[in-house]
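Going down the list, the sequences are from chains A and B. Read in the working numbering, the first sequence has 219 at position 205, and its numbers run on one by one without any break. Read in the working numbering, the second sequence has 208 at position 76, and its numbers run on one by one without any break.
Just so you know, the hints here were simulated from the structure itself, not pulled from any lab data. By construction, the Cβ of each residue, glycine as well, lies at the ideal position given by its N, Cα and C atoms. Some hints here could point you the wrong way.
Unchecked claim - DSS-like, lysine-lysine: derived pairs with alpha carbons at most 30 Å apart:
id: 1; chain 1: B; residue 1: Lys210; chain 2: B; residue 2: Lys535
id: 2; chain 1: A; residue 1: Lys84; chain 2: B; residue 2: Lys420
id: 3; chain 1: B; residue 1: Lys420; chain 2: A; residue 2: Lys81
id: 4; chain 1: B; residue 1: Lys247; chain 2: B; residue 2: Lys210
id: 5; chain 1: A; residue 1: Lys84; chain 2: B; residue 2: Lys307
id: 6; chain 1: B; residue 1: Lys395; chain 2: A; residue 2: Lys81
id: 7; chain 1: B; residue 1: Lys404; chain 2: B; residue 2: Lys247
id: 8; chain 1: B; residue 1: Lys395; chain 2: B; residue 2: Lys210
id: 9; chain 1: A; residue 1: Lys261; chain 2: A; residue 2: Lys25
id: 10; chain 1: A; residue 1: Lys25; chain 2: A; residue 2: Lys176
id: 11; chain 1: B; residue 1: Lys404; chain 2: A; residue 2: Lys81
id: 12; chain 1: A; residue 1: Lys91; chain 2: B; residue 2: Lys307
id: 13; chain 1: B; residue 1: Lys420; chain 2: A; residue 2: Lys176
id: 14; chain 1: B; residue 1: Lys307; chain 2: B; residue 2: Lys535
id: 15; chain 1: B; residue 1: Lys404; chain 2: A; residue 2: Lys91
id: 16; chain 1: A; residue 1: Lys176; chain 2: A; residue 2: Lys81
id: 17; chain 1: A; residue 1: Lys84; chain 2: B; residue 2: Lys193
id: 18; chain 1: B; residue 1: Lys247; chain 2: B; residue 2: Lys174
id: 19; chain 1: B; residue 1: Lys174; chain 2: A; residue 2: Lys176
id: 20; chain 1: B; residue 1: Lys298; chain 2: B; residue 2: Lys247
id: 21; chain 1: B; residue 1: Lys193; chain 2: B; residue 2: Lys293
id: 22; chain 1: A; residue 1: Lys24; chain 2: A; residue 2: Lys261
id: 23; chain 1: B; residue 1: Lys293; chain 2: B; residue 2: Lys247
As the list claims (entries may be wrong) - Listed next, the stretches of chain B that the computed footprint assigns to chain A, with coverage defined by at least 3 CB atoms under 8 Å from CB atoms of chain A:
id: 24; region: 264-278
id: 25; region: 314-321
id: 26; region: 409-415
id: 27; region: 422-428
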Amino acid sequence: MQTIRESILKKGRDVLNIYFTAGYPGPEDTVEIIRLLEAHGADLIELGMPYSDPLADGQTIQRSSEKALKNGMNIRKLFSQVAQAVNTTSIPVIMMGYYNQMLQYGAESFVLDASAAGIRGMIIPDLPMEIFEQEYQSLFESCGMEISFLVTPLTSEERIRKAADLSSAFLYVVSQSAITGQQGAFSEDQIRYFQRIESMHLSTPVLIGFGIHNAETRAIACRHAHGVIIGSAFIRALEAEGSLEDKVENFMQSIR
Amino acid sequence: MVTGFTQKESAFAVTQDGFYGEFGGAFIPEMLYANVEEIRRKYMEIMGDTQFQTEFRDLLKHYVGRPSPLYRADNLSKLLGFTVYLKREDLNHTGAHKINNTIGQILLARRLGKKRIIAETGAGQHGVATATVCALAGLECVVYMGAVDIERQAPNVARMKMLGAKVIPAESGSKTLKDATNEAIRDWINHAENTHYIIGSAIGPHPYPDMVPRFQSVISEEIQWQLQEQTGRDYPDYVIACVGGGSNAAGAFYHYLDDQRVKLVLAEAAGKGIDSGHSAATSILGSKGIIHGCMTLLMQNEDGQIMEPYSLSAGLDYPGIGPLHAHLIRTGRAEVHPATDDEAMDAVIQLARTEGIIPALETAHALAVLRLNAGPDAVAVLCLSGRGDKDLNTYLTYIEQHKIEL
Numbered sequence: 015m016q017t018i019r020e021s022i023l024k025k026g027r028d029v030l031n032i033y034f035t036a037g038y039p040g041p042e043d044t045v046e047i048i049r050l051l052e053a054h055g056a057d058l059i060e061l062g063m064p065y066s067d068p069l070a071d072g073q074t075i076q077r078s079s080e081k082a083l084k085n086g087m088n089i090r091k092l093f094s095q096v097a098q099a100v101n102t103t104s105i106p107v108i109m110m111g112y113y114n115q116m117l118q119y120g121a122e123s124f125v126l127d128a129s130a131a132g133i134r135g136m137i138i139p140d141l142p143m144e145i146f147e148q149e150y151q152s153l154f155e156s157c158g159m160e161i162s163f164l165v166t167p168l169t170s171e172e173r174i175r176k177a178a179d180l181s182s183a184f185l186y187v188v189s190q191s192a193i194t195g196q197q198g199a200f201s202e203d204q205i206r207y208f209q210r211i212e213s214m215h216l217s218t219p220v221l222i223g224f225g226i227h228n229a230e231t232r233a234i235a236c237r238h239a240h241g242v243i244i245g246s247a248f249i250r251a252l253e254a255e256g257s258l259e260d261k262v263e264n265f266m267q268s269i270r
Numbered sequence: 133m134v135t136g137f138t139q140k141e142s143a144f145a146v147t148q149d150g151f152y153g154e155f156g157g158a159f160i161p162e163m164l165y166a167n168v169e170e171i172r173r174k175y176m177e178i179m180g181d182t183q184f185q186t187e188f189r190d191l192l193k194h195y196v197g198r199p200s201p202l203y204r205a206d207n208l209s210k211l212l213g214f215t216v217y218l219k220r221e222d223l224n225h226t227g228a229h230k231i232n233n234t235i236g237q238i239l240l241a242r243r244l245g246k247k248r249i250i251a252e253t254g255a256g257q258h259g260v261a262t263a264t265v266c267a268l269a270g271l272e273c274v275v276y277m278g279a280v281d282i283e284r285q286a287p288n289v290a291r292m293k294m295l296g297a298k299v300i301p302a303e304s305g306s307k308t309l310k311d312a313t314n315e316a317i318r319d320w321i322n323h324a325e326n327t328h329y330i331i332g333s334a335i336g337p338h339p340y341p342d343m344v345p346r347f348q349s350v351i352s353e354e355i356q357w358q359l360q361e362q363t364g365r366d367y368p369d370y371v372i373a374c375v376g377g378g379s380n381a382a383g384a385f386y387h388y389l390d391d392q393r394v395k396l397v398l399a400e401a402a403g404k405g406i407d408s409g410h411s412a413a414t415s416i417l418g419s420k421g422i423i424h425g426c427m428t429l430l431m432q433n434e435d436g437q438i439m440e441p442y443s444l445s446a447g448l449d450y451p452g453i454g455p456l457h458a459h460l461i462r463t464g465r466a467e468v469h470p471a472t473d474d475e476a477m478d479a480v481i482q483l484a485r486t487e488g489i490i491p492a493l494e495t496a497h498a499l500a501v502l503r504l505n506a507g508p509d510a511v512a513v514l515c516l517s518g519r520g521d522k523d524l525n526t527y528l529t530y531i532e533q534h535k536i537e538l
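Bound-form chain A, shown alone:
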């Protein structure tokens, strides 16, 4: 089986990673949304573990998390939904959540159970790189769990290289110093920042996320990276009325 990294490198460009919150909008929608996203051209799925205090997230993802928690979503359910989804899905599923969730589950069982469920990678934005290196890197490697770290326009070059080295899946380039869900065009500063990372010729594939909300921002970001991550814009699409099928299809059309 291909790793996440290999699959991104193989496609090479225009990689599309779609985020949504597990258990949103309905408690049992996770499997179906994964299926639909794959059918309509997503290359990767980033599944959010709903959290009570998502510090890095804007209102859209906060709302979806709150709803998912009200829907009774929890980590064990998420694992079992993924286990079901991967029977019919060939694209990799990545899990995004906060470090406290991993700790309370028991860090080692968390990684092992996630791996057993078929989750292939993780993004844990508040897990410091140093702690990952000291405490978890060998555990992740032993079960083939990949990981991605975030960098922002304020991250130093040295730290970007470190994040790229530690990221076994891809480097998550946060497009601006902001929480998720920003809408607007990219500024010249942002483009220069993308170019700066391009010029570093990292061997780790690069996906740009935060603020990618339409075809235009996607196309611009894809010029400077292997692809993009879209989250809040997709959650907003899921908030609308209509069948899941129509919502996913319309959204995927809209960002093409």
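Fit chain B to the supplied structure of chain A, relying on the hints for placement.
Structure of chain B alone, referenced to chain A:
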């Protein structure tokens, strides 16, 4: 004299990477790394600078009105059967200990070249203290406050506005201090380059849980010489303080952390009772985890979802506790006693009637645990962290609801 530097190496000092035993650290998304790292690299140097110390001391003396009195409360002592001193932080400008820290941090923010200040607030005392120093320094000020707290601490909201601050309600979660802190952190992520976040409690990512107590340590520094003057001994047998995040407790304990002759006592908000499901008694109901960027004790469920605490007191209505405090509790250096809403209210009325002092509701929790099993020669210092003006509405409503005769 240099605040927080007068101590010899403490057994409770923070480690290089920001830990107190198993608690502390900086568990933050990369979007905050540059800001927090800048403060971490510079705070000791800035605070140690002579010019900084002079300005800090000068403002504490002439603007805040320090030293705050250490008052021997004879009537209360007679009731309790041992000697009680009240450290009158309620007499500071703005009415609480919070200003000690905001004065320090505004001077720090200026040296970091920041133009905009944000803060979270529960009871509104930290918000007022932040709005005050921003007015003084001519810096823009935005305060996040839970929508529920805005309701119950209306006088402080009005004061912040008078002082020129913008007060933004936090509408997420339980709409209290935890959520206001989340919103402030998100604001900081969105304005990383020009903004300094003045955290008011001994919480947050390293170095805040170290920096805030250093600024507040002026409290225990004064207690030392004031006690020496009044009793001929520079330490008490007990120091008692309430704890939400833990800033006044950290300040009152600071110079006594390594002095085992001094018993350190914390009062936690038990709300309607420890087992009532409406409580904020973190040390009893909490477990180890991460909140607002630090590893500490917090109230959470088995999935790591942070629980919504409850206390009548907006300043103690927080599901976590500072990492230093978690360490003091876990190592047995400090003991914690819960106090319910009702016990705190009894203490408010008692202090008003015996000493002519109306304390803040937060402080009342410390007063409520003052029935120590102490002998007649014992000396206790209680940190009277704030005054009760802001709580008058809450007090009057409570008195009416409980048909208490005044």
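Requested in this report: Hint by hint, work out which the structure violates, then give me just those numbers in ascending order.
Outcome: Hints 4, 6, 7, 15, 16, 17, 24 and 26 are the ones this structure does not satisfy, whereas the remaining hints hold.
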